[in-house]
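Novice: Spelled out from the first residue to the last, the chains are:
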Amino acid sequence: MKRLSRSTPVKNPLLGLAFGIASLVVTTTPLVAHHGAASFDTTKELTLQGTVTEWIWANPHCFLKFDAKDDSGTVRNWVVETGNPTDISRSGWARTSFKVGDMVTVNVQPVKSGAPVGRIRSVVLANGQRLGQGPGRGAPAPPPPQK
Amino acid sequence: MLKRLIVGMVVMVAVAAALTWVPVTYAQVWNSHGMIGNEQPPQTGPAPKRDLTGTWDAGGAGIAPRGSPTSSLTPWGEKKVSSYKPGDGPRASLIGEINDPLSTMCDPAGFPRNLLFELRPFQVVQTPNQVLMLYMFEKRFRTIWTDGRTLPKDPDPRWYGYSVGRWEDDSTFVVDTIGMDEKTWLDNAGNPHSNDMRVEERYHRVNMGALELTVTITDPTAYTKPWVGRNKLPLKLIPANVDLMEMICSGTEAQEYKKSMGK
Chain A
4 MKRLSRSTPV KNPLLGLAFG IASLVVTTTP LVAHHGAASF DTTKELTLQG
54 TVTEWIWANP HCFLKFDAKD DSGTVRNWVV ETGNPTDISR SGWARTSFKV
104 GDMVTVNVQP VKSGAPVGRI RSVVLANGQR LGQGPGRGAP APPPPQK
Chain B
12 MLKRLIVGMV VMVAVAAALT WVPVTYAQVW NSHGMIGNEQ PPQTGPAPKR
62 DLTGTWDAGG AGIAPRGSPT SSLTPWGEKK VSSYKPGDGP RASLIGEIND
112 PLSTMCDPAG FPRNLLFELR PFQVVQTPNQ VLMLYMFEKR FRTIWTDGRT
162 LPKDPDPRWY GYSVGRWEDD STFVVDTIGM DEKTWLDNAG NPHSNDMRVE
212 ERYHRVNMGA LELTVTITDP TAYTKPWVGR NKLPLKLIPA NVDLMEMICS
262 GTEAQEYKKS MGK
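Just so you know, the sequences run in chain order A and B.
Position one of the first sequence corresponds to residue 4 (the working numbering), numbered consecutively onward.
Position one of the second sequence corresponds to residue 12 (the working numbering), numbered consecutively onward.
Looking at chain B on its own, in the form it has when it is part of the complex (with noise of 0.2 Å):
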């Protein structure tokens, strides 16, 4: 009896040894790919208030290498997309004929096509004037102003845009953004934007471990009504001390590719 309550308790033990050193070791790993899945614990419990800081994963829902369903173009939209030749969606070419800007030029993602499509896990520092997002994909960043100044009037356009944001209470976080350059896709499936569209994000924070993102579009030049590209997408937060892979696009490399794929 005696021998059976020692070799429970060694067992007892070793598991909640294992419990607690997995966790850590997975969380050491230099180059990983972010991705959690059932590996992480539950990180439930209450939010900090006006705080989103930590690195965020959507896990596959991020990627979206289909696009987006979006309001009817206008005749304006309807023009621009013609040119476009995508590699997926409804208007998917041939690996040849793709003009996607990212996955043959390399050119920047753009905002808010870096949200819409291959949003991998992307860190969030917060400073007492900017909310700034370090984002895996393409290892670029954002910086979100919380100043109290407003949106520039005609500004340059830019492909990340100018972006400010606010508290509207203390678990959710929305962020205005415009002058985003109209040369950008929005998604994988190649829809368009003018110089014109606004973009907003909402960032709930629902516990500890959860957070929500919705981005709603509005660009009445290419859209005839406001459309949400993502709608409560559901992020966990990841270990701090994960050290995330790069994933960067090289213009050399995908000239490459297509070079020796597109035949």
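Same shape as in the complex, but just chain A (with noise of 0.2 Å):
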């Protein structure tokens, strides 16, 4: 039987497990919303790379308005939401995540009206840092109560 040396990696299997279940926990649970998403086209996905020109830190959600080249080369402003500050402040954003003319990277989802409006799916800032949709506050429910 061949003996693991002392400087051998050990893995475990089960540590693997719960960081993969983990990771898919923080990248697929959607943000709560006060809304559904009947306003967004949810077949569509953007990436957008431009400027921001504000970013509100306020219920009932946060928004981040970027200013973005399209196709053609026209410059439009473009108002992103994400979730209220007490849920994504939980997976990393802050009041202080972004300030006037950082550059930014955001995935987008557009709403179906053409606008250039969206909500959030990920994005990266000038740091490489990103912020995704996390786990919100769509975490489990306690497990039911020991009688």
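Wrong hints could be hidden among the right ones.
Straight-line Cα separation of at most 30 Å, DSSO-like style, residue types lysine-lysine; simulated pairs [stated by the list, open to error]: (1) B/Lys96 - A/Lys115; (2) B/Lys164 - B/Lys236; (3) A/Lys102 - B/Lys194; (4) A/Lys68 - B/Lys243; (5) B/Lys270 - A/Lys115; (6) A/Lys115 - B/Lys60; (7) B/Lys270 - B/Lys164; (8) B/Lys270 - B/Lys236.
Covered by chain B, per the in silico footprint, the following chain A stretches (three or more residues, Cβ under 8 Å) [said to hold, decoys possible]: (9) 54-64; (10) 83-89; (11) 110-118.
Sample of chain A residues with no beta-carbon within 12 Å of chain B, all distances over it, derived [claimed, not checked]: (12) His38; (13) Ala41; (14) Thr46; (15) Asn80.
Honestly, the hints are just simulated from the structure, not real lab data.
All C-beta atoms, glycine included, are put in the ideal place defined by N, C-alpha and C.
Put the two chains together into one complex, using the hints given.
Specialist: What follows is the structure in structure tokens.
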């Protein structure tokens, strides 16, 4: 039987599974919103690069405004929402996440109307930090109480 | 051998120190979202008698963004709901068309919407003649009288109604509420109610760290029969020194949101 040397990294398959499940939850659980998806084209996603013009940290939703060029080279001011401060602060978002003039790359689900409006799937900041949908408030309910 | 023993003891002490230190630092965080997840050690053991004191959290189940399944609407209820354009649920509207008074105007959620939608952590304070419920969402409070008074006759409608409570047994607190203004919605799906609605809340303290909430709506003007909006919703006790975030809807911020996003 081959023995592991002391320097061999030991991988714990259970730990790997736990991280796998945790990352799946983090990347797939949608943020809770006070409204549903009726306004949005859920079949479409756009990746836009632009410059932040405003970051509003407020209820019922935080939203980001940024200038980005469309395919014809025209600059449009996009307005894209994310969750409320309480929920998104759990996954790394903060009042200080953006300042005017920051370069951002935003993955957006646009509205059906064609207006430069949508909701954020993820955003990459100038320093490389990625903010995603995170666990929001959609984490599991407490387990049933022990009688 | 001795070296291994010493190393083992050091590791054990470090782990024990970490286990006791983590909850304390968590509890002392300012501006907490209140979501405890699995960070909190289980709080089991017998519950104190006739006592709901503490801060309670229903986790994600407290939000219920899609609304509640109700019993059938009466013709009055159908007429009432026909002008409601909710943001979610079976009758969900586009953002620019939503007329939910809570999300578009920041009207108070009202009672029992504050239990059926966005039930974020809330603190219970007991005095000799009242049970006070302090809600993180909207940063509002309710007074539940326990001094033996009866509910008022033909009261002026209020956003949060008039509540009296009694201990049915040492672990079950029952609250009856009437007098809610029918301009409030019951949930995020735009389910209506009338001024005649009566609501019963049952808080059952299961053990030290667990509470169950059942909410029953009786409104014969709007619904053909009573229905249960929360059925033994589990709530967990969170640390008493957690400082909860504000979750306040401001009219100016909501207007700015709708103007920007409702295109």
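Novice: When you check the alpha-carbon spacing of A/Lys115 and B/Lys60, does it fall within 30 Å?
Specialist: Violated: A/Lys115 and B/Lys60 sit about 55 Å apart, past 30 Å.
Novice: Would you assess whether A/Asn80, listed as outside the interface, keeps its beta-carbon beyond 12 Å of every beta-carbon in chain B?
Specialist: violated (10 Å)
Novice: Mind checking the alpha carbons of A/Lys102 and B/Lys194 for me, to see if they're no more than 30 Å apart?
Specialist: With a Cα-Cα distance of about 40 Å, the restraint between A/Lys102 and B/Lys194 is violated, given a limit of 30 Å.
Novice: Hey, B/Lys270 versus B/Lys236, does the alpha-carbon distance stay inside 30 Å?
Specialist: violated (40 Å)
Novice: For the pair we were handed, B/Lys164 and B/Lys236, check the Cα-Cα distance against 30 Å.
Specialist: holds (23 Å)
Novice: Does the structure keep B/Lys270 and B/Lys164 at a Cα separation of 30 Å or less?
Specialist: violated (43 Å)
Novice: For a C-alpha distance cap of 30 Å, please report whether B/Lys96 and A/Lys115 respect it.
Specialist: holds (18 Å)
Novice: Check whether three or more residues of the region 83-89 of chain A sit with their beta carbon closer than 8 Å to a beta carbon of chain B.
Specialist: holds (count 4)
Novice: Please confirm whether A/His38 is truly not at the interface, meaning its C-beta sits more than 12 Å away from all C-beta atoms of chain B.
Specialist: violated (3 Å)
Novice: Verify the coverage statement for the region 54-64 of chain A against chain B, using a C-beta to C-beta distance below 8 Å and requiring 3 or more qualifying residues.
Specialist: Since three or more residues must qualify, the claim that chain B covers the region 54-64 of chain A holds, with 5 doing so at under 8 Å.
Novice: Taken at face value, is the distance from the CA of A/Lys115 to the CA of B/Lys270 at most 30 Å?
Specialist: Between B/Lys270 and A/Lys115 the Cα gap is close to 17 Å, so the pair holds against 30 Å.
Novice: Is the straight-line distance between the alpha-carbon of A/Lys68 and that of B/Lys243 30 Å or less?
Specialist: violated (42 Å)
In this structure, the earlier hints numbered 3, 4, 6, 7, 8, 12, 13, 15 are contradicted, and the remaining ones agree with it.
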